[in-house]
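Asker: For this one, chain A is given, so just place chain B on it according to the hints.
Protein chains in written order, with this note's numbering: chain A, 118 to 235; chain B, 118 to 235.
Source of the hints: derived by calculation from the structure; they are not laboratory data.
The list cannot tell twin chains apart, which means a pair is met if one copy fits it or any two copies do.
The calculated lysine to aspartate or glutamate pairs, modelled on DMTMM-like cross-linking and capped at a C-alpha distance of 20 Å, are: (1) Lys234 <-> Asp175; (2) Lys234 <-> Glu176; (3) Lys234 <-> Glu134; (4) Lys234 <-> Glu205.
Number of protein chains: 2
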Amino acid sequence: MSASGPHVRFRMRIHHEGSIAIGPGKIALLEAVRLQGSISGAARHLNMSYRRAWMLIDELNRTLASPATHAEMGGQRGGGCVLTPVGEQIIALYRGIEETAYAACASQIDAMDQLLKR
Amino acid sequence: MSASGPHVRFRMRIHHEGSIAIGPGKIALLEAVRLQGSISGAARHLNMSYRRAWMLIDELNRTLASPATHAEMGGQRGGGCVLTPVGEQIIALYRGIEETAYAACASQIDAMDQLLKR
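Here chain A stands alone, though its shape is the one from the complex (with noise of 0.2 Å):
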């Protein structure tokens, strides 16, 4: 496929009691964490509210075995938050997979490509 050709998205999500436990949403929340080093700072990275933000967090947390946050001393907004080692494996599993399917799976989306209309 050429860049400025068709391309191919794969969403992977896991649905756990009803809701979904982990999306894409959740991994580029997770990831802007990892990189603003803050929730208030990924909300602002992402254009989301601090308190949609917070809350996709704590549900993702809920819904864990093992918290995939750890939030820093410093009291309710102004304070910290850094991924745990169950985070950093959450955001390697998924983006992992997301590659696993892509390679996997080449030849039949290159086949589905050549349908489309030049």
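Answerer: Positioned in the frame of chain A, the structure of chain B alone reads:
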């Protein structure tokens, strides 16, 4: 993974010239057309308006080098609609890609699953 535990969904979308050329909605619609033998039947089956179903099929066909469906004689809404060999091929490729992706990622998905609360 147990049947009652978390379940994983891959969703593939092929973007082409700024819009989604092929995605889960259009594939489900093609499958419904195959089952029902008409766009109106497919629309009812999917609880979708005839207008929307027709528009999605039209959009899909205009993206493809060769159309996925063929209208049978009998006038407007009354007429039947059958899949062309290209339509069958698109469904087979799409569902095949999903299966390949799940199979290739099984151990990584399992590792992710282990991180969720029981």
